[in-house]
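Asker: Assemble the dimeric complex from its two separately framed chains, guided by the hints.
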Amino acid sequence: MGLDGIIILDNMGRPIIQSGFRSSSTAYPLLHIDTVNKALQKAASPKEIDPVLYIAPYNTADDPKPSACCHVECGDIRMLCPISGDVDPLTAFAFMQTFIDILREYFGTLSVATLRDNFDVVYQLFEETLDAGGHPLTTSSNALRDIVLPPSLLNKLLNVTGANLTSTMNSGLGHASGPFSSPIPWRKAGIRHANNEIYFDICEELKAIVNKHGTTVTSIVRGKVEANSKLSGTPDCLLTFTNSKVLSDCAFHPCVRLQRWTRDRALSFVPPDGRFTLFDYRYSPSAIMANPNDAAISARDNVAIPLALKTNIDAEDNGASFDVTLSSRLSTHALENVEVELCLGQGAGGIKCALSRGLGGGGFINASGRSAEGTAGASWSYDSETTVLQWRIAIVPPSSSWSLRGSFTTSARVPRPAHAIVVRFEISSHTFSALKVDQLKVTQEQYKPYKGVRGRSSGVVEWRW
Amino acid sequence: MANPGQDAKFFQRGKIEEFRAELHAAEAKDKKFVKRKMVLKKIVANITMGTDMSPLFPDVVQCLGTPLLEIKKMVYLFLVSYGRSKPDQIHLVIPNFLQDCNDRNPLIRALAIRTMSYIPIPVVTDALTDNLRHALKDRDPYVRKTAAICVAKLYAADPRRAEKEGFVEMLRDLMLDSNATVVANAVAALCEIGDRQDGVTFRLNLTIANKLLAAIPESSEWGQIYILDSLLRYVPERHADAELMAERIIVQLQHGNSAVILTTIKALLYLMNYMENRELIEYICKKMGPPLVTLLSSGPEVQYVALRNILLIIQRRPSVLKNDVRVFFCKYNDPIYVKLAKLEIMYRLARAENAREVLAEFQEYASEVDLDFVRKAVRSIGRLAIKVEAAADDCIQALLNLIETKVTYVVQEAVIVTKDIFRRYPGRYEGIIPTLCENLDALDEPEPKSAMVWIIGQFANIIDNADELLDDLCFTFLEESTEVQLALLTASVKLFVYKSQAEKAKELVHKVLKWATEEVDNPDLRDRGFMYWRMLAVNPTVAGEIVLAEKPAITTDSDRMDRGALDQLLLHTATLGSIYHKNPETFIRNAAGKALMDSPALNPQSRAVLVPLIRTQLPPTAINVPGPGPVELKAGDLSSPTQAPIPPSKSDPSAESNSSSDASISEPSTSQRTVSSLEDRNASAGNDPYSNLDGAFGTYMVDEPRPMTSSHQGRHGDDEDLLF
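Just so you know, the protein sequences line up as chains B and L, in that order.
Residues in the first sequence are numbered consecutively from 1, following full-length UniProt numbering.
Residues in the second sequence are numbered consecutively from 1, following full-length UniProt numbering.
Simulated from the structure, these hints should not be mistaken for lab results.
Ideal Cβ positions, reconstructed from N, Cα and C, are used throughout, including at glycine.
Take these hints with a grain of salt, some might be off.
[Claimed, not checked] Quick list of in silico lysine-lysine cross-link-like pairs, BS3-like style, CA-CA up to 27 angstroms:
| # | chain 1 | residue 1 | chain 2 | residue 2 |
| --- | --- | --- | --- | --- |
| 1 | B | Lys212 | L | Lys164 |
| 2 | L | Lys211 | B | Lys212 |
| 3 | B | Lys448 | B | Lys224 |
| 4 | L | Lys406 | L | Lys331 |
| 5 | L | Lys287 | B | Lys212 |
| 6 | L | Lys322 | B | Lys207 |
[As the list claims (entries may be wrong)] Listed next, with one range per pair, are the computed distances between beta-carbon atoms:
| # | chain 1 | residue 1 | chain 2 | residue 2 | range |
| --- | --- | --- | --- | --- | --- |
| 7 | L | Ala352 | B | Val460 | 29 to 37 angstroms |
| 8 | B | Asn37 | L | Gly166 | 41 to 49 angstroms |
| 9 | L | Leu206 | B | Thr262 | 20 to 28 angstroms |
| 10 | B | Thr109 | L | Ala21 | 35 to 43 angstroms |
| 11 | L | Ala352 | B | Lys436 | 35 to 43 angstroms |
| 12 | B | Arg424 | L | Leu371 | 46 to 54 angstroms |
| 13 | B | Thr262 | L | Glu353 | 25 to 33 angstroms |
| 14 | B | Gly274 | L | Glu353 | 41 to 49 angstroms |
| 15 | B | Ala304 | L | Leu176 | 52 to 60 angstroms |
| 16 | B | Arg424 | L | Leu176 | 49 to 57 angstroms |
| 17 | B | Thr262 | L | Thr207 | 24 to 32 angstroms |
| 18 | B | Asp264 | L | Ala240 | 26 to 34 angstroms |
| 19 | B | Ala434 | L | Ala608 | 46 to 54 angstroms |
| 20 | B | Glu197 | L | Arg161 | 31 to 39 angstroms |
[To be verified] Covered stretches of chain B (in silico footprint by chain L; criterion: 3 or more residues with CB under 8 angstroms from a CB of chain L, positions within the stretch not fixed):
| # | stretch |
| --- | --- |
| 21 | 245-257 |
| 22 | 410-420 |
Bound conformation, chain L alone (with noise of 0.2 angstroms):
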């Protein structure tokens, strides 16, 4: 008997003659089905452990016409998994699919229709058509809810046909449907449709995007999801519009879902660009922390995502959680992954008014057991110290408390980070110089070595025995990495500027140039032995100008975002896009860009670094490197193989973004857009040969510090809407 709850025993493989013959006896003689339903099971069991079924097609769509809602889904089962590869069979089927398009149950009138969909053969497709178009006006809400997502994949399977045979206006039509979750599927639909590359655009005008608000209160969760996320098709033209909308999806806020709480956020934060009001932009971020700290509440991969999302939200609007550092604090047992996104949360929301329990937290952290998290913890430290003022001196004591330690990576840790806070503040801490080397035998990596090298040869006037280490230290010169020879290099030259008299400096500079440009094949390293000696030969004076001239301090404040970028990332809020840091077209293949839209509302620091999107159809040229790490494709990457034709435009779009009674949706003129696009490029490209590089930067996170100066000017349009 097949009882459920017992069928583990069906999980053996069976042979397909077996089955048939099965299937075939259960034909007589079967009191309520129950042997064919027995076979079916076997059937399916084995479609799960991987064993090809297809064979049994015809026998298993025999089963088709038996009266039991249960067989039918376990053929229909089956049919989906096989029926596309079986499209000289499937005419078999074709007359099944249309009776139970008209059965009396909205089950299997639902269930027919979906079937159909997923089987993107021709001769499904077009029974499927009319089919569809009578389940749209289904008086059943829940063939319409799953008609409407059929309608996506159709326009899949063949998109020219679905626009031809007015799918995409009937799906319009179902957004102003009684049933909230029929109208949540439809915006699903045109969501998906409008992501295709080759999809007709979808926006929504002030009308419809409030009547689809209407919808959330009864919508399930995951309906919440698709309209809060189709709000980011919606520019508004008004700043009123923008903060109105914002306050009627506030309350969403408090959702249990954290997906819709996480969907909540980035379309405030996306109607927030368009906003004037200062103080509800205000209200609107301090509303957005408490449901980000929630999610925390959750198990450790909800908080993965959710603090990679903060780290973002936080860069472009630092009110949010400005108070709330403590909930950041790691605990020991925290994944690994957990806990280094928090400390980069911390590192970030640190300022001089908590820095000094930030501190305490980053001192606790160093003496962990898992190294990737100390050294980082260690280096957070001195970050913390170049970040801050305030806590400078409390940091380098801590710095200090570490390297008594003598742990060697936090060691070596330590004195990577000691020589930025040189740089970040001239003059104020070189009295520990003397404790960093009486570690210098800890150091047995490039980095930290080299870091230690800078240090000496910068301030070989107050080292005495400068000229000592650094001649112990190029003992070992030719086996060093190069990172380090070059530093040894800079060094040696340095300390000669310093004491041109001492005859050891004189020596040891002589020693270092002749095996840089003698006995080294690396061309950097000969080249700048060549430039260092022709420097000191023709005028050492000058050369000691050059060589120790005064170096620009250093500030972490830089270490954000390019604000373009930041703005445009955030519009991905909650998705893949968000976890690397990355645009999604930019390693997902077919990810239509997003960007800010320009309106009269959107606010003027915004449009200064607006991003315009680019839609790429260029001829693909398909040269994939497979690496770890989501590999960003090439422009050319991104386009869809097969360019199909595009019919015209059914109205002028600048018409289209007036017209206010309906939603808009409109072919775009992708080629025509595409061109002038690259145009722009082209042209930009001609005036400044260096002006894309920009771009090739700007979505990396970078940790390490940047010059002050460069960053000052960078940020001073900024400034009024990132501080705190």
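In isolation and in its complexed conformation, chain B is listed as follows (with noise of 0.2 angstroms):
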């Protein structure tokens, strides 16, 4: 029953560090750790193989019950969580994603390094958050906090002049505050900081295809709402957005009162301490025009896609050319960090190319500071082990259009390079729902914060030809 442990391995497949596994014998991490292992060796790529594992029994006397594992990777380690008995895969998925966050808020950054220098630390995380018996338990980093002192700044600097932090909490004394006094489990009580301030972050990513005619095939915007808390006391917020009819399908921070926005669309939340995700949607243009009750996605609901790509490959004997044109779409923003991929199959080889910028681009709202002009900043790389053909562009003006011309070679006679393109791009102060905050309002408290919402897009298109 539950999870049975969680395992972390370093980028060569040796593990660093693992929860204790109580309830079996030794030989089951490790075994678990084999077979992930052995898949790997197995597969073409890491990312191809199947994220849940199934793990034979290993046939001793004691302990003879089949398990499967569930894995992901994250950055250069990779975090294994074995289940046996009839467990629901995407608790250890959760699981482990929590897990990573609080790692990551921990230590900053989450690598083989860092969790070599904080074991202790990680040890404690896993005491706390992960149960033998499987359950998982206090992830609420504000409230872990209480509990695993992180090792931060302050408690490296008392630590070199030698008092010991954790000594007062040992002492009993000065629990009247302690752990899971607060009456919310995602906020502890008495925060206090000297200025009062809360931001929003809307971040929105589009995805999509669009087939080898320039039709968008599917296309779908998901947003986040990311926010960054420094109120003290316990605030009592209440956010209403002037358009809150583009957001649908939306998924929330447990903090949020979810009656009250199914009654009014207004979110109204005491906010954890520091930053959070208070919540996700998706944008359905259609919600504007016609009933919001209608889940569905339809055609209507397709997003402008803010880009067009051209493409013209010829396949020739052992070889091919090809002729790709971008242009933006956006009358008023640049598009940034723009990454074109091709995919040119196995055996690719001898690639040239050739850079252009077309007509067009005038001046923009946004990516200020960078410079506008020229075709500096466009560039192009191929990477061998995966065939993959790389254009980057650091600013795409407003309607102006670049063009990547070149040819490459194959060793097979019939080249087979994939049939899709995929651009990524990013554009900064605009989002695709426009979504607009009507107001923030903060009660129970005396103070009047300082308030701030910004926006940004990103996109991947897969666009065929």
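Answerer: Put into structure tokens, the structure is as follows:
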């Protein structure tokens, strides 16, 4: 029952640290590590192996039960979560994601080096977040910080000067505001900030597939509102939007009162302290015109793709030539950090490319402080291992067009480049939904907090040819 | 100095003796216990690396008296790792345990209780029992919530003791605690106990279920999962109860945690079995779609789990995502396991209304690079033609275009599915046979080859050069696989029946029959050869009627799972069972099976196909053959090896279900029930020796089209519920 434990492997597949596997023999975690490593060796690419690996029972007399291993890769580590019994693999994945978030929050970055440097803290985190029976326990970082001290700068300083913070904890005094004394599980009592401020980042991502005729086959914009709260006491926030109709399929942080949202589409919440995702949503353009209850994603729900791609690939014997033109369809904003990827297929080589910039392009309101003119900022590269040709353009001003011409050779007679080009881009100070905050009211506290809202978009478009 | 953040240096193997010496040295002049802390860190680092540090047991436990939480934690960590293996030395620690159980700091009280519960040694369990009882009533919620989980641990170590000491009842009382986390953990512990084969049955009544629901908003996401999951232990007696409860939990579909969403969906699917209000059911189905789609924007791992579950859900509730086929369109850089799952869902969601766009996608995939995926895509085009009649023309055209590419594996797949299309639409597409025949040389695998041979044989009357083609194919008869040989045998007989006058056909059938009966070792082939031979010899006309008898048209409607099996599998939504599409008790040892419980509110269709739960308690016969994939354990393997004596029921089970004031926790008379269910099985087996075989295939996902007639009968009762 429950998650059996967590194992963290380094990029060589060796275990760095693992939670105590108490309900099983010592061979059990090793079996899982072995299985994952074997699967990794066998697979062409590490991302192609099944995320839930079935593990046949090892036939020892005491404990011959089969199990499964859920695993995710994260930076240069891989996290494993063996499960046996009828457990929800999503719980395993959700828990691993939460644990990764906790580690990030504690150590800033997550890597083999930071884990080794802080293994005692990681151990304590294992103890508090995952019970040996496999029940996730405390994962809210606000509560965790009371029980497991993060290796903060302050903590380091105190250690150097000989003072010890943990000893004060040990005294058993001052526990009026001890762990879990707060009535709200995600926010501890008695938070104080010198400056009371709260910021919201609205981040939206467009995912779309465009067919070879230039018609959008499917497009979906998902957004999330990330908040950074530095408010004292127990503030009760009420956030309203001028155009909340564009929001559909919302999923909220536990702090949001769901009933209130259902009633009048206002977000009422007592925020956790620090960074958190307030909610995420799907942008539904149709909702403006049609009945917002109609959840079905239909054709009119398509979001305009902010760019256009013209592709011409001529396959020849042992090679092909290509001509790709990218143009912006935006009129006021620039596309930034544009990456165009074309997978050329096995045995491709001898790449020749020429970049040029077409007409168009004027002033734009975002991406300020970066040079706007000139072909500078466009470049290409080729990764022979993944056979991906990548074309990068730092800034694509409104209505400008850019092109990439070239050719490649293949070892096989018929070249087999992928039939889709993937374009990634970002747009700062822009959201697809034009979601606008109406107001944020903070009650229950006397102060007037400083408030800020920013928008940011990104997109991944698969353009078939 | 043991500064945090610079501890990588501890990761070097040390010798036991050195550590021991260092620990002793640290006893003197250890200002703020810095030295001890450092040695302990080294020891813990060595445990991490897999070095056996257990010889240090007496030395390490000495440090337990150190008044520093950090050190205590590390010693407890050591105890958890090695406590179990040191039953002779564990008594050294007991006084410390007892002391810490009464510490002023709730963290230390909880730590002591938790650590003790990890060490299932009688001495420790004895010490734990009293302290656990106090901890369950501790004034600090942190201690109470920790203690709740510890009850499940104690139960695992010694079930009868835990019951005798009244811990189960105490857990039940904790479900009414004022703190939501405590409530959730009590539920989790009870579920864990209830899932054990030797555990007490854990059921909820309406009052308690409602109380638990009230705790959801204040719970952490994990607490919400426990509570929502426990709702499956509540059997609604009235439609209105189920409907009201569904309305209360539906709001959880908006939660940010993917596991909460899927658990909510599981609970909703379960409650829907007990509902009457069609409009509400439709409304819930509609509400379940968007959160499922939301899961697809997560990482590939979550997507995979979500997709496997969606596949199950849409088979039982087709209206859930019926308008959302586009979200399942594959991206070319999706991992292969995501692509394959999406492909299957697209096929299941295909209808006349969206067949065109689905087909366009399948065609796109058929030009991709990954071999396995391309094959499945081509096959899906054929299945689409069979499933959606309106799209059949377009699908055939698409297949012909693919055959023209001359890419070997594409052609082979196309031939396989074309065979099924001929059977589905007899007399409609035979015009494409010449095109197929042109590509005979491309076929080098048994399945496409035998499909092609079937086509030639079946339509030998309209293929002018059928005799030549078959003759060519028979050239390598003796080297072919059995599958192809069987097909060739039948085809040449069909050819002969069609063209009994032609000399060439006569020659061919004679040659093949001779090979089949004289040269081949395979008894199946030989017997079929003899059969045909006698039939042809005795009465060629009748033989023709038999061989070319009209075949039932096929459909893909039936390649859904059996309804009863689906209902049962959906109780496992989001769990391993839903990934493998098998009931967990068949591949997980000691997993208690789940079954829909009958109640006055259960809807009639579900009752008609109810799969009763069989709790097997047979002595184990441990024969395990290791192999890939989940092994379906034999019934005997499921039971726990030692059957503990079961105390008599506290109350009559029927009275239990009527009592409304309390959660009913009853000791099941497991042995009795098992006997009766086994008798049932035997009785039914007595009537019909094959009656048990249904189950053997019930949980399989069948890809193959099946005869239309049988499926119509089978589906009759479901129609109302399953149609869009």
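Asker: Now tell me, hint by hint, if it's right for this structure.
Answerer: Hints, one by one, checked against the model:
Under the criterion of a C-alpha separation no larger than 27 angstroms, the hint pairing B:Lys212 with L:Lys164 is inconsistent with the structure, at around 72 angstroms. With a CA separation close to 56 angstroms, the supplied pair L:Lys211 and B:Lys212 exceeds the 27 angstroms bound. Taking the CA atoms of B:Lys448 and B:Lys224, the gap is about 25 angstroms. The hint holds against a cut of 27 angstroms. A distance of roughly 25 angstroms separates the Cα atoms of L:Lys406 and L:Lys331; the hinted pair therefore holds under the 27 angstroms criterion.
A threshold of 27 angstroms between alpha carbons decides the hint, and for L:Lys287 with B:Lys212 the separation of about 34 angstroms lies outside it, so the pair is violated. Straight-line distance between C-alpha atoms of L:Lys322 and B:Lys207 comes to about 21 angstroms, which keeps the hinted pair within the 27 angstroms bound. Between L:Ala352 and B:Val460 the C-beta distance comes to about 32 angstroms, which sits within the given range of 29 to 37 angstroms. B:Asn37 and L:Gly166 have their C-beta atoms about 47 angstroms apart, which keeps the hinted 41 to 49 angstroms range intact.
Restraint check, L:Leu206 to B:Thr262: a C-beta distance of roughly 24 angstroms satisfies the suggested window 20 to 28 angstroms. For the pair B:Thr109 and L:Ala21, the supplied restraint of 35 to 43 angstroms holds, since their beta-carbon distance comes to about 37 angstroms. Under the hint 35 to 43 angstroms, the C-beta atoms of L:Ala352 and B:Lys436, about 41 angstroms apart, fit the expected range. A hinted range of 46 to 54 angstroms for the beta carbons of B:Arg424 and L:Leu371 is inconsistent with their spacing of about 28 angstroms.
Range check, B:Thr262 to L:Glu353: about 31 angstroms between beta-carbon atoms, so the 25 to 33 angstroms window is met. Our hint of 41 to 49 angstroms for B:Gly274 and L:Glu353 holds, since their Cβ atoms are close to 48 angstroms apart. Under the hint 52 to 60 angstroms, the C-beta atoms of B:Ala304 and L:Leu176, about 55 angstroms apart, fit the expected range. Separated by about 53 angstroms at the C-beta atoms, B:Arg424 and L:Leu176 satisfy the suggested range of 49 to 57 angstroms.
For B:Thr262 and L:Thr207, the Cβ-Cβ distance of about 26 angstroms falls inside the hinted range of 24 to 32 angstroms, so the restraint holds. At about 28 angstroms, the CB distance of B:Asp264 to L:Ala240 agrees with the hint of 26 to 34 angstroms. In this structure the supplied range 46 to 54 angstroms holds for B:Ala434 paired with L:Ala608, their Cβ-Cβ distance being about 52 angstroms. Distance hint check: the CB atoms of B:Glu197 and L:Arg161 are about 56 angstroms apart, inconsistent with the given range 31 to 39 angstroms.
Under the rule that three or more residues need a Cβ within less than 8 angstroms of chain L, the assignment of the stretch 245-257 of chain B holds, with 8 such residues. A stretch counts as covered by a chain when three or more of its residues have a beta carbon under 8 angstroms from one of that chain; for the stretch 410-420 of chain B and chain L the count is 4, and the coverage holds.
Violation of the numbered hints given earlier is confined to hints 1, 2, 5, 12 and 20; the remaining hints are satisfied by the structure.
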